[in-house]
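Q: Put the complex together from the two separate chains, hints included.
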Amino acid sequence: MLILDFMTHQELINFIKKEIATETGTAVESIDANASFHSLGLDSLSAVLILYNIEKEFGVELNPLNFWDYPTPSKFADFILKGHG
Amino acid sequence: MGNLLWSPLDPAHINDPYLMYKRLRHESPVYRSQTGEYIITRYADVKSILKNTDYRTGNRLEWLSRGITYFKNRDEDFTDIYKAINSFILFLNAPDHGPIRNMVVKAWSDREVHEMITTTADEILKDLNGTFDLVNDYARELPAIVIARIMGIPMNDYRYLQKLGVSMISSLNLYHSWKDFVELNEASALFVKYFAELLDAKQKNPDRGLVSRLLAANEKEKLLRQEQLISVLIFLFVAGEETTGASIGTSLRNIIQHDIKYNGNVDELFRFDPVVQILGRITKTDSIVNGVNIPANSALTLVVGSANRDESQFPNPDIIDVNRSAGQHLSFGYGTHFCLGEWLGKLQTQIAIERFFIAFKDITIPDQNIEWNTNLSVRVMKSLIVNAKK
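Those sequence lines, one after another, are chains A and B. Be aware that the first sequence starts at 1, since it is given in our numbering, and climbs by one per residue. Be aware that the second sequence starts at 1, since it is given in our numbering, and climbs by one per residue.
Looking at chain B on its own, in the form it has when it is part of the complex (with noise of 0.2 Å):
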C-alpha cells in the first residue's frame, strides 16, 4: 500500500494522519482516490469549498440511503438507519436545512451552563486517582452528563445512550462494512425507540430541557414529522457527547504529552488535533477545485485535519505554540453549516482542562500506545491509562 497516498483505514495514519496529509498537500492536494471520491488537503481549497453553497452536503446520508436500498432487494432490512440519520442538521441542505437549524439554535437560548459543567466535571474529579482511564473515567462521562442535563433526558439513561452513540456515530465514517451496516441498524432502533418514548413522556410532562422546548416550537412552526424531530434529537445527543469527549481526551493528552505550559488557548489545541479530521460535500455542478476539472456529483473529502496544518496558514503547523493565533481553524467547519454547538464543545474541554488540573499533579502516561478507533472521519481515543496524584 506504499505507493497509494490514501490509506485512511491504516490503523498507523488513525495514530498519526499528518504525515499522509502532508504528502497529498504537497504532492497532490487535489487527490483521486482509489474509490473515485477526491481527497482535498489544503486549507485554501477546503475553506473556499465549505463557504460555497454550491457544493451540498450529505455524502454519508445518500450513500447510506442507497444503501438501504441496495440490501433490500437483497432481503436485508436496514430503514432504521434512514429513520435516525434522516434529519441530522450536518447532512441538510437548502431549503430545510436553514429552517430547522434556526429552529434549533433558537429553542437553545439558554447558555448559563458553566456552572453545571464546572460543578459535573468536579464530582467526576472527586472519585478519581492514581491509575486511571482519562478517555472513559473522565473526557467521555462529562460531556455525555451535560448533554443529558441540557436536554432533560434522565441521568439513569445517558450511559445506556452512550453505548449505542459509538455505533451511531459510525455513521459519519468515509467506508462502511456489512458489520457497520448491521450495528449501526440495531443502534438505530434502540435510538429512534428511546426518542419517541421521551417525546411522549415530555409531551405529559414538559421541564425546560432543550428536548421539551424544541417539541414546543416545532408544535408551534409545524416544521418538523415526529420521525425527523427524533432524528435531530439523536443528532444533538450523539455530537453532544461523542466529539466532545474526543475533544477532552485528545486536548488533555496533547498538553500532558507535549508538556505545554497551556495558557487557555483551546484554538490551538483545537487547530493541533481536530476531533473531526473529515467532512464531506458534493458538487453539483461540473468544478474546478484547485486546477483540477472535478464533473458534477462528485464526492469531496475535506479534509479538516490537514487543511489545520497547512504550512502556508499556519507556520510550523507541527508544533503546538499556545502563543499562536489559531482561531482560524477548520476544527467546527466553516460558513453555512458551521457546527451549532461550537460553544458548548469549547466551553466544555476548556472547563474539563482547568478542573483537570487543578485536581491532578505529576500525571504520566505510562504506556504510549494508544489504542484509536478505527475511522478518520471522528478520531477518538479507545482509553488513555494515566497515572496522577491530588
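For reference, chain A alone in the conformation it holds in the complex (with noise of 0.2 Å):
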C-alpha cells in the first residue's frame, strides 16, 4: 500500500497495461487505457491472474468483479487509487 500512496494515475495505468499484454499476448503499445477489457481480448479466465498480480503487488484486496465495475484500465486504476490511496 506504500507503494501506492506514491503512484500517480498514469503509473498504475502502465503497470495493468503490462499486465493486460503478457496475459494477452500483445504488445504494451498498442493498449489504449480507454479500451474495455473485453475488446482487448480479456474474459473472466485471463483477468483472474492480472487481478491477483495487482493484489500481490500492491498489497490491496480486489473482489473479482471489481475488474468488469470499472472496465478499462484507466477507470479500474482511478477506482484502485482512491478506493486503497
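Everything labelled a hint here was simulated from the structure, so no lab data went into it. Think of the CB as a built atom: it goes at the ideal place given N, C-alpha and C, for glycine as much as any other residue. Do not take every clue at face value.
List of simulated lysine to any residue pairs, SDA-like, C-alpha gap at most 20 Å [as the list claims (entries may be wrong)]: (1) B/Lys179 / A/Ser46; (2) A/Lys75 / B/Lys83; (3) B/Lys83 / B/Ile68; (4) B/Lys72 / A/Leu45; (5) B/Lys72 / A/Pro71; (6) A/Lys18 / B/Leu5; (7) B/Lys72 / A/Ser44; (8) B/Lys179 / A/Leu49; (9) A/Lys82 / B/Lys179; (10) B/Lys72 / A/Leu62; (11) B/Lys179 / A/Lys75; (12) B/Lys51 / B/His337; (13) A/Lys56 / B/Val182; (14) B/Lys382 / A/Lys56; (15) B/Lys179 / A/Glu55; (16) B/Lys72 / A/Asn53; (17) B/Lys179 / A/Tyr52.
Pulled a few chain B residues facing chain A out of the computed Cβ check, cut under 8 Å [unchecked claim]: (18) Leu4; (19) Ser7; (20) Tyr31; (21) Arg32; (22) Gln34; (23) Thr35; (24) Tyr70; (25) Arg74; (26) Trp178; (27) Thr364; (28) Pro366.
Calculated from the model, a selection of chain A residues having no Cβ within reach of chain B, i.e. all distances over 10 Å [unchecked claim]: (29) Lys18; (30) Thr26; (31) Asn63; (32) Asp69.
A: Given below as C-alpha cells:
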C-alpha cells in the first residue's frame, strides 16, 4: 500500500497495461487505456491472474467483479487509487 | 458502483441482498451483468427456466474446467478441482444426471433419522449455556454429525471434513479469484484422498451407512468410475452439512430477531431467507426470457432469493408470516434438479429449531452486525453470538 501512495494514475495504468500485454500476448504500446477489457481480449479467466498480480504487487484486496465494474485500464486504476490509496 | 444494478460481492448486499433484488425485479428483470451473464430475478421466469430442460446446468463446472485448462498453460495444475467436482449432482445433465441421481435416491432408503437428529441436537445443546456462538457451536455442528452418521463417516473425522467443506462449497461461487482456485484445489485433493481411503475401508468392512450402500449399488449397476463415485460422496457430504448448517443458523436468527411466534411453518423461513440464493443455467439455443433475446450458450444466473420475494407471487414478501402457505418457494430448486436432500434439510432445520427453543429461553443477539461469508451463492453467517438461559 505504501507503493500505491506514491504512485500516479499514469504509473498504475502502465502497470495494468503491462499485465494485460503479458496475458493476451499483445504489445504494451498498442493498448489503449480507455478501451474496454473485453475489447482488449480479456475474459473472466484471463482477468483472474491480472487481478491477483495487482493484489500481490500493491497489497490491496480486490474482488473478481471489481475488474468488470470498472472495465477499462484507466477506470480501474482510478478505482484502485481512490479505494485503497 | 451506485449505478450498477448487480453488485453481489458488495458486503452490504451479502448482508441484505433483497433491496438489490427488488430493484432488479422492477427495473430490469432480465439484466445483462457487467460480466455478460443474464441475471433473472422474477419468480415466474426463474421457475419456468428451472422447469425447462432446454437449459442445461453446470455453469461453474464448465467455467472451472475451462480455468483448469487455461492455467495449465501457465504451469499451474488445478486438476484436483475437477477430480472433486466432476460428478456433483447439481452440475450434471442428461443423460448422466438421471441414472446417477436415481442410484443415490434408491441407495438412500433409510430415512428413519428423526430420532437420531433429535438425540444429536440435545447432546449438543446440553453443553451450551450463557454466551455462545449459535452458528459454529450448534447450527453447523448438528448437520455435520448427522450426515457423517448417515454416510458412515467415523465421528473422529467430521470436523476435519467440515473445515475442508468451507473451501469446497466455494466451487459454487459466482466468481472466483486466484486464491479461490488455490484453496479449492487444496481442499479438493484432501477430500479426494479421504474418500478414496474411506471407500477402501468400506470395501473391506461394509456397514449399513450410505457410503457402503452406494458402493454396493454401484458394483451392481457399474454406473460410476471410482473418480465419479468419490465426487458424488464429496457432494453428498458438503451439500448435507454446509447448506443445512446455514439454514439452521439463518432460520434461528430470523425467529429471534423478528420475534416470530414460530408455529412449525419452516417453509416460510426457507422462503424468506434461502441459503442457496442463486442457481445457474446455460441456454442451449437462442432463447427469449421475459421478452429479452438471449443467444445460445449464455450463462443465466437465476436468483432464487429474489423469486422468493417476488410480490406477484407472495404478497407482502418482506414480512415473515408464519400463517402464509409458502410451499411454492424455490429454495430447493424445481424440476429435475430439485434438491434430493430437501427432506433431510427441512427435517433437520425443523428439529433444530424445536429443540433449541425447548432448551433455551430469554435469547438475545447482543451484536446485530453480522459477518457473512463472501458470496451469495451459498449465504452463510460466519458466526452469531447469542445470550441464552436454560
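Q: Work down the list of hints and note, for each, if the structure agrees.
A: Verification of the hints:
1. Of the pairs offered as hints, the one joining lysine 179 of chain B and serine 46 of chain A holds, with about 14 Å between alpha carbons and a cut-off of 20 Å not exceeded.
2. Of the supplied pair hints, the one linking lysine 75 of chain A and lysine 83 of chain B is violated, its CA atoms being roughly 39 Å apart against a limit of 20 Å.
3. The suggested pairing of lysine 83 of chain B with isoleucine 68 of chain B holds, with an alpha-carbon distance near 11 Å, which does not exceed 20 Å.
4. Between lysine 72 of chain B and leucine 45 of chain A, the direct Cα distance comes to roughly 12 Å. Compliance with the 20 Å bound is thereby established for this hinted pair.
5. Restraint check: the Cα-Cα separation between lysine 72 of chain B and proline 71 of chain A comes to about 26 Å, which exceeds 20 Å; the hinted pair is violated.
6. Distance hint between lysine 18 of chain A and leucine 5 of chain B is unfulfilled; the C-alpha atoms sit about 31 Å from each other, more than 20 Å.
7. Taken as a hint, the lysine 72 of chain B and serine 44 of chain A pair is honoured in the structure, with Cα atoms around 16 Å apart against an allowance of 20 Å.
8. Straight-line distance between C-alpha atoms of lysine 179 of chain B and leucine 49 of chain A comes to about 10 Å, which keeps the hinted pair within the 20 Å bound.
9. Proposed proximity of lysine 82 of chain A and lysine 179 of chain B is contradicted: the alpha carbons are some 24 Å apart, above 20 Å.
10. Between the alpha carbons of lysine 72 of chain B and leucine 62 of chain A the distance comes to roughly 24 Å, so the proposed pair goes past 20 Å and is violated.
11. A threshold of 20 Å between alpha carbons decides the hint, and for lysine 179 of chain B with lysine 75 of chain A the separation of about 24 Å lies outside it, so the pair is violated.
12. Simply put, lysine 51 of chain B and histidine 337 of chain B have alpha-carbon atoms about 9 Å apart, close enough for the 20 Å limit, and the pair holds.
13. A distance of roughly 15 Å separates the Cα atoms of lysine 56 of chain A and valine 182 of chain B; the hinted pair therefore holds under the 20 Å criterion.
14. Between lysine 382 of chain B and lysine 56 of chain A the alpha-carbon distance is near 26 Å, which puts this suggested pair outside the 20 Å criterion.
15. For the given pair, lysine 179 of chain B sits about 11 Å from glutamate 55 of chain A by alpha-carbon distance, which is consistent with the 20 Å threshold.
16. For the hint linking lysine 72 of chain B to asparagine 53 of chain A, the alpha-carbon distance of about 17 Å falls within 20 Å, and the restraint holds.
17. Distance restraint check for lysine 179 of chain B and tyrosine 52 of chain A: the Cα-Cα separation of roughly 8 Å lies within the 20 Å cut-off, and the hinted pair is therefore satisfied.
18. Interface hint at leucine 4 of chain B: satisfied, since its Cβ lies 6 Å from the closest Cβ of chain A, which is below the 8 Å cut-off.
19. The closest approach between the C-beta of serine 7 of chain B and any C-beta of chain A is roughly 7 Å, which is under the 8 Å cut-off, so the hint is satisfied.
20. Taken as an interface hint, tyrosine 31 of chain B does not check out: its beta carbon lies about 14 Å from the nearest beta carbon of chain A, beyond 8 Å.
21. Annotation: interface hint on arginine 32 of chain B violated; nearest CB of chain A at approximately 12 Å, more than 8 Å.
22. Among the interface hints, the one on glutamine 34 of chain B holds; its C-beta lies about 4 Å from the nearest C-beta in chain A, closer than the 8 Å criterion.
23. Using the Cβ-Cβ criterion of 8 Å, the hint placing threonine 35 of chain B at the interface with chain A is satisfied: the shortest such distance is roughly 5 Å.
24. Interface restraint check for tyrosine 70 of chain B: the shortest CB-CB distance to chain A comes to about 5 Å, inside 8 Å, so the restraint holds.
25. Taking 8 Å as the C-beta contact cut-off toward chain A, the hint placing arginine 74 of chain B at the interface holds, the least distance being around 7 Å.
26. Here the hint on tryptophan 178 of chain B is kept, as its CB sits about 4 Å from the closest CB of chain A, short of 8 Å.
27. Hint on threonine 364 of chain B is violated. Least Cβ distance to chain A is approximately 33 Å, over the 8 Å limit.
28. Using the Cβ-Cβ criterion of 8 Å, the hint placing proline 366 of chain B at the interface with chain A is not satisfied: the shortest such distance is roughly 29 Å.
29. Distance to chain B confirms lysine 18 of chain A as a non-interface residue, since its nearest Cβ pair spans about 16 Å, more than 10 Å.
30. The beta carbon of threonine 26 of chain A is kept farther than 10 Å from every beta carbon of chain B, the shortest such distance being approximately 17 Å.
31. Distance to chain B contradicts asparagine 63 of chain A as a non-interface residue, since its nearest Cβ pair spans about 4 Å, not more than 10 Å.
32. Distance to chain B contradicts aspartate 69 of chain A as a non-interface residue, since its nearest Cβ pair spans about 6 Å, not more than 10 Å.
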